[in-house]
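Chain residues, written in single-letter form:
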Amino acid sequence: MDLLQTLKVAFRALRTNKMRSFLTMLGIIIGIAAVIAMMAVGSGAREVISQQIASIGSNIILVLPGSTTSGGLRSGSGGVQTLTSDDAKAIGSELPSVEAAAPSIRSSGQAVYGNMNWSTIIWGTSPEFFDIREWKTGSGRSITRQDNDGASKVCLIGETVAENLFGSSDPIGKTVRLKKIPFTVIGVLERKGQSPQGQDQDDAIYVPIRTAQRKLVGSQFPNTVGSIMVKARSSAQLEQAEEEIKSLLNQRHRIVQGKEPDFSIRNLSEMLAVAEQSSKAMSLLLGAVASISLIVGGIGIMNIMLVSVTERTREIGIRMAIGAARNDILMQFMTEAVLLTLLGGFIGILLGSAGATIVSSFLGWPTLISIASITVAFFFSGAVGIFFGFYPARKAAGLNPIDALRYE
Amino acid sequence: MGIKREKILAQWEDRSDMADVISINDIHRFFVIGNQQFEALKGITFAVAEGEFVAIMGASGSGKSTCMNILGCLDRPTRGRYLLDGTDVGEMSADQLARIRNRKLGFVFQGFNLLPRTSALENVELPLVYAGVTSRERKIRAEAALEKVGLAGKERNHTSQLSGGQQQRVAIARALVNNPSVILADEPTGNLDSRTSDEIMALFTTLNSQGITIIMVTHEHDVAAYAGREITFRDGIIIGDSRRAPASYGE
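In order, the protein sequence lines correspond to chains A and B.
Residues 2 to 409 in this note's numbering are what the first sequence spells out, letter by letter.
Residues 1275 to 1525 in this note's numbering are what the second sequence spells out, letter by letter.
If you're looking for bench data, these hints aren't it; they were derived computationally from the structure.
Values in this document were obtained by computation on a predicted structure and should not be read as measured data.
Any given hint could be a false lead.
Okay, derived cross-link-like pairs now, DMTMM-like style, lysine to aspartate or glutamate, Cα gap no bigger than 25 Å in a straight line [claimed, not checked]:
#, chain 1, residue 1, chain 2, residue 2
1, B, 1413, A, 203
2, B, 1378, A, 3
3, B, 1378, B, 1294
4, A, 9, B, 1429
5, A, 9, B, 1417
6, B, 1281, A, 3
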């Protein structure tokens, strides 16, 4: 029996019981739709995470002050301000694997403009910082070397700060008071969105680091910085850059072999790995849920195929008497089951894609429907048909023609 | 296309050999029901020559249906030899038997046993489908078979749109279409009224006069009267085997 004829017979059998075929398919439709929608939402989420990570900037190493031990008492990380602006300058200029280094110092305080005020984070940093973070100025200009050297009272503000202090008016050239000191707004940074930790990166004000060291942070060591952000020349050079920074700082801080360093180095790509792992775990969970629904759908198919075999026992008998081999009968019922699941899979793919699109447009979640997920869903639905159709089909093929012919 | 059609039909009509089509020798068939063994056939021996029209008679339980199932290669004898067209079918596998049923036998049943929701033409084409015949040849041969049983013009009708007599004609066309060695008819008139029965028997007689071998099970004497030979079963053995001039139809 040729394939075309087998398909024709299978189609006719499904058409005879339209409602039943549809209800049977429903299990597969829901399962496949769930797989497609979940994969779309999952890969959309992963896309967002990697975008967020990219928003920090790529190939970034963070140097933080370490702990010190004094009289057997160890302070926590960052307990002492051991890093200085000069360290940052040395890292930026002396190391071959480093493209740029920017020191930064953090302070929080109230920003006041006219009768508006807003509590935010004030960062003191150098011009290189914005190159490292790949952060452009939306309007106005960025902080320059001259601003830094002259410890000018100028600031760059984030979008969130601009909205809260200035509303719709143009902030550039206006004077904001930070910790009661007037600063001129020279520019507004482009919107950056949330950091991977969920912080609003646009809720910040940036001033030249010198200005911050002298006017805003009441430190006893005026040259110290809170952290140094370093950009390696390429991702391949990240590890090498880390090593170079370590040996340079050891040398500068006179840390001899065996002594605990007073700084620590963190690689931001580790964060990416963590985020990726959690999204993988999520996909796995969703996949498990979808698989269960497909198995349940498959059992539904098997059930209906068994009913169908019983109902059509006489037809099977006729076909056998007329010369159908067992294989012909087996193929006929397998084709029917696979057709059922493939059809269900096809509808499920359409429905799942539609669902994902609706979710993304209503809830603002990004979704990504990949060819790979559609292919996987399609083959999986076919496999469900083969797996759950085999037992009923074998039962049909194993019937005794005499009994089948006499079946009422 | 015309030439091809002639060729196909010529092959279909060709029946050159005239030997014994069926030869069974000392056939036994046991059934085990629960703990009891029941012998349905207790040593049946007969042969049917090419072109014969045989009626198998007997009360229910006489073993005639069991014998028919064995003749139809739907069942295998427990003991004994069955030669169909000179081939021993006793040792064949289930799939080989399916092939024999497809190529050498045509079945006509009491309940017609046509596929529902399927056109007459498709029903007749069915044995050819399993024989692997191409769709064009299937159509030509199935149309010719339907024409032969007087159903030209009814090809597209679904079986539910046909009368009982017409359905049985479709079944006969289906039995004929693969050019079988024998047509096996199991109570072919059992579900028909007497007038339609006569028509069907007339058709069988016509087919037989064209050289087709027919073996028919019946328990009605007036139906058996159309056959040229009557074999009578009782309790698993043959108690009568007589030849006579067949009654002409319309009596």
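CA of residue 1281 of chain B to CA of residue 3 of chain A, is that 25 Å or under?
Holds, because 24 Å separates the two Cα atoms, which is no more than 25 Å.
Taking 25 Å as the top limit, are the C-alpha atoms of residue 9 of chain A and residue 1417 of chain B close enough?
At roughly 20 Å apart (the allowed maximum being 25 Å), residue 1417 of chain B and residue 9 of chain A satisfy the hint.
Is the straight-line distance between the alpha-carbon of residue 1413 of chain B and that of residue 203 of chain A 25 Å or less?
Roughly 77 Å between the alpha carbons, so the hint for residue 1413 of chain B and residue 203 of chain A is violated.
Would the pair residue 1378 of chain B and residue 1294 of chain B pass a check requiring their Cα atoms to be no farther apart than 25 Å?
With a Cα-Cα distance of about 14 Å, the restraint between residue 1378 of chain B and residue 1294 of chain B holds, given a limit of 25 Å.
Proposed proximity, residue 3 of chain A with residue 1378 of chain B (alpha carbon, max 25 Å)
Distance of about 21 Å is within 25 Å: holds.
Regarding the pair residue 9 of chain A and residue 1429 of chain B, is the alpha-carbon distance no greater than 25 Å?
Holds, at roughly 18 Å.
Going down the numbered hints, you'll see the structure goes against just number 1.
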